[in-house]
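A.B. asks: Residue-level listing of the chains:
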Amino acid sequence: MTILIFTLILLVGSYGAGLLGSLTGLGGGFIIIPLVTLLLNVDIHYAIGASLVSVIATSSGSAAAFVKEGITNMRLGMFLEIATTAGAMCGAIVAVYIPTNYIAVLFGLILIASAIVSLQKKVINVEHTKSVLAEKLKLNSSYPGPNGPIEYTVTRVGGGFVMMIFAGLISGLLGIGSGALKVIAMDNIMRIPFKVSTTTSNFMIGVTASASAVVYLQRGYISPGVSMPVVIGVLAGAFTGSKILVNSSSSKWLRLIFALVISVLALQMIYHGMTGKI
Amino acid sequence: MNHELTLTNKKMKIFKDRDMQQLLGHVLRTGTMVSITVVFIGGAFFIYRHGQSIPDYHKWNGIPNFIRTASGIFHGIGALKGQAMIQLGIVLLIATPILRIVFSTIGFVLEKDYMYIGISLLVLGIIFFSMLSGHAG
Chain X
1 MTILIFTLIL LVGSYGAGLL GSLTGLGGGF IIIPLVTLLL NVDIHYAIGA SLVSVIATSS
61 GSAAAFVKEG ITNMRLGMFL EIATTAGAMC GAIVAVYIPT NYIAVLFGLI LIASAIVSLQ
121 KKVINVEHTK SVLAEKLKLN SSYPGPNGPI EYTVTRVGGG FVMMIFAGLI SGLLGIGSGA
181 LKVIAMDNIM RIPFKVSTTT SNFMIGVTAS ASAVVYLQRG YISPGVSMPV VIGVLAGAFT
241 GSKILVNSSS SKWLRLIFAL VISVLALQMI YHGMTGKI
Chain U
279 MNHELTLTNK KMKIFKDRDM QQLLGHVLRT GTMVSITVVF IGGAFFIYRH GQSIPDYHKW
339 NGIPNFIRTA SGIFHGIGAL KGQAMIQLGI VLLIATPILR IVFSTIGFVL EKDYMYIGIS
399 LLVLGIIFFS MLSGHAG
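One line per chain: the protein sequences are X and U, in this order.
Per my numbering, numbering of the first sequence is gapless, rising by one per residue and ending at 278.
Per my numbering, numbering of the second sequence is gapless, rising by one per residue and ending at 415.
Simulated from the structure, these hints should not be mistaken for laboratory data.
Errors might be hidden in some of the hints.
Computed, partial: chain X to chain U, Cβ under 7 Å [as the list claims (entries may be wrong)]: (1) 4; (2) 41; (3) 45; (4) 53; (5) 60; (6) 82; (7) 85; (8) 93; (9) 207; (10) 223; (11) 224; (12) 228.
Heads up, simulated BS3-like pairs for lysine-lysine below, C-alpha to C-alpha not over 27 Å straight-line [as the list claims (entries may be wrong)]: (13) U:337 / X:277; (14) X:195 / X:68; (15) U:294 / X:138; (16) U:294 / X:68; (17) U:390 / X:68.
Some chain U residues close to chain X (C-beta under 10 Å, calculated; not the full set) [stated by the list, open to error]: (18) 298; (19) 307; (20) 329; (21) 400.
In this text, a Cβ means the ideal position worked out from N, Cα and C, and glycines have one as well.
Please put together the full structure from these sequences, using the hints given.
C.D. replies: As structure tokens, this is what we get:
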């Protein structure tokens with residue numbers, strides 16, 4: 001296989017990953033790492049580096065649109081970025097000392113957890129409970145709805161913060177956006193409306209990934225030859241995905257198929273990790 | 279009168295937050311577009327020069343020496359090396375969200391939101407520290 005063919009396969013695969021990741025809201029990093037390691041036999045270090053770069057590209061690209069619409073909660077994002085960047089830094093530093101087969105197994109487990117989260121029903125939380133910390137940090141806000149702004153409050157700030165440290169750690173260790181963990185922190189713990197939590201999570205993913213990318217860049221994880229087709233492919237796929245309107249019934253099927261696909265990939269990563277093939 | 283004052287204050291604050299949202303949107307979009315264009319051009323040069331070589335990513339052995347440092351990357355670009363251009367694009371891409379934090383900090387300064395100036399600076403500090411720790415490793 002020549003570099004030309006290798007690049008073309010990666011471009012097409014990454015395009016598909018970006019498209020699926022955008023349609024399901026889970027991001028492309030998930031599919032990129034198994035695709036690159038299992039299918040193209042690339043070392044997992046390069047796969048993590050390339051995935052991380054593609055995560056930054058999609059996050060920045062789509063956050064640009066969301067932040068302009070005023071749905072993203074900038075203060076909440078900034079506050080929680082303390083947790084995610086600190087976690088990501090630790091993850092990236094520790095990753096060097098962890099054997100790659102452990103990383104592969106951990107990746108598989110997180111993948112399965114995310115598949116489950118993606119299948120969960122989304123509830124629209126609009127809570128009005130008082131939290132002193134949320135008020136002090138000016139986290140309560142509103143987002144544009146069909147009939148004017150919808151006010152919401154944020155609860156259990158501490159719990160959400162701790163979960164974000166974990167999300168950052170996983171992101172730094174595995175080179176993914178860990179959007180699913182961020183959504184758990186904001187939806188299930190902090191009780192933020194789904195629309196706000198997904199856009200704010202997306203907003204934070206880029207900064208989180210950058211905090212570990214600066215470590216990986218210097219350690220030689222980010223190879224231009226692998227990253228170039230992955231970034232271009234994922235970004236193009238995500239862009240296409242954002243232009244496609246998915247109605248709710250097909251979106252349910254899409255999520256189910258996606259969850260199945262990533263579960264199969266997850267089991268393969270775990271198997272390869274345990275048998276020491278990665 | 280007092281009531282009116284708080285009302286205009288509130289309006290001004292919303293206006294400023296809106297401004298910041300527009301600004302951050304621009305920063306993110308421009309950053310992504312510029313860096314992906316650089317990666318794309320670099321990719322074209324890389325394929326043109328090395329398209330027929332055999333890829334060697336099976337074993338992890340870091341990245342070529344000439345793209346390990348900033349000066350190496352710029353020398354490489356001068357010599358029209360595709361990998362150096364791609365790496366510059368990737369560095370710009372990584373810098374984009376960090377630049378977004380810098381602009382948020384400026385926005386909070388304009389809003390005189392001292393708590394969030396501190397929080398943004400803390401996030402920048404963590405990323406900076408992360409950069410240093412990567413260098414030491």
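A.B. asks: The structure should be examined with respect to each hint, and the outcome stated for every one.
C.D. replies: For each hint, the structure was consulted:
no., hint, verdict
1, 4, "holds (4 Å)"
2, 41, "holds (6 Å)"
3, 45, "holds (4 Å)"
4, 53, "holds (6 Å)"
5, 60, "holds (5 Å)"
6, 82, "holds (6 Å)"
7, 85, "holds (4 Å)"
8, 93, "holds (6 Å)"
9, 207, "holds (4 Å)"
10, 223, "holds (5 Å)"
11, 224, "holds (4 Å)"
12, 228, "holds (4 Å)"
13, U:337 / X:277, "holds (12 Å)"
14, X:195 / X:68, "holds (14 Å)"
15, U:294 / X:138, "holds (15 Å)"
16, U:294 / X:68, "holds (13 Å)"
17, U:390 / X:68, "holds (21 Å)"
18, 298, "holds (7 Å)"
19, 307, "holds (4 Å)"
20, 329, "holds (4 Å)"
21, 400, "holds (6 Å)"
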